[in-house]
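J.: Between the sequences and the hints, there should be enough to build the whole structure, so can you do that?
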Amino acid sequence: DQQVKQNSPSLSVQEGRISILNCDYTNSMFDYFLWYKKYPAEGPTFLISISSIKDKNEDGRFTVFLNKSAKHLSLHIVPSQPGDSAVYFCAATRMYSGGGADGLTFGKGTHLIIQP
Amino acid sequence: NAGVTQTPKFRILKIGQSMTLQCTQDMNHNYMYWYRQDPGMGLKLIYYSVGAGITDKGEVPNGYNVSRSTTEDFPLRLELAAPSQTSVYFCASSYDDINRRSNEKLFFGSGTQLSVL
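Chains as they are written, first to last, in this note's numbering: chain S, 1 to 116; chain E, 1 to 117.
Hint data in this document are derived by calculation from the structure and do not stem from the laboratory. Remember, it's a predicted structure, so these values are computed and weren't measured experimentally. From the three backbone atoms N, C-alpha and C, an ideal C-beta is built for every residue, glycine too. All clues stand as given, with none of them false.
Simulated pairs of lysine-lysine, BS3-like, Cα-Cα distance not exceeding 27 Å:
id: 1; chain 1: S; residue 1: 37; chain 2: S; residue 2: 71
id: 2; chain 1: E; residue 1: 105; chain 2: S; residue 2: 54
id: 3; chain 1: E; residue 1: 105; chain 2: S; residue 2: 108
id: 4; chain 1: S; residue 1: 71; chain 2: S; residue 2: 56
id: 5; chain 1: E; residue 1: 105; chain 2: S; residue 2: 56
id: 6; chain 1: S; residue 1: 108; chain 2: E; residue 2: 44
id: 7; chain 1: E; residue 1: 44; chain 2: S; residue 2: 71
id: 8; chain 1: E; residue 1: 105; chain 2: S; residue 2: 37
id: 9; chain 1: S; residue 1: 71; chain 2: E; residue 2: 105
Chain S is nowhere near these chain E residues, computed Cβ spacing over 10 Å in every case:
id: 10; residue: 14
id: 11; residue: 26
id: 12; residue: 27
id: 13; residue: 73
T.: The following block contains the structure:
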């Protein structure tokens, strides 16, 4: 029972174009969403996040869009660069009183390949 | 700046053997976590800790144990290794700030690739 789904295992994009990575979730209690980036033989690194009170968050070339009614979020990378080639994980959680991040649920990841 | 350090990077175990995966962080983070990632899958939480002396089970705790005697260290123990525990294991940490949403921004180690044969 996957609560966070990344339906594209891989995505190939030409350098300089826009990369769009998609993520769907099923748990309506999720209120905070994150994207992590992972290079081979390294641990994931935090990229960008968005709270459910917003529908967009930007950080340089990276923008995350949230559509709560569709339970869908997307990560846009513009322009795409060779160093963006990595696996991108979508993660979701809900606010609760205990603190900590025991509620993070990850998707399976999308392998983004930037073609020169 | 070391961040989160995991040892060893690779290990092959025989069925029934035991081992401890080490994790240490030098960022004074109060939260620490152990995740496993199976091929083609997302990360699944094994155990987590909100501070020294406090640990709790995650989604897939069976076959593992943890302890948190200091803020810095969070070792993961496999008592009787099974082939189903073949995976990549990641340790992570995070911290609190005023808005508390920093908790979810995890800092990961580089992982331990474990094979049980």
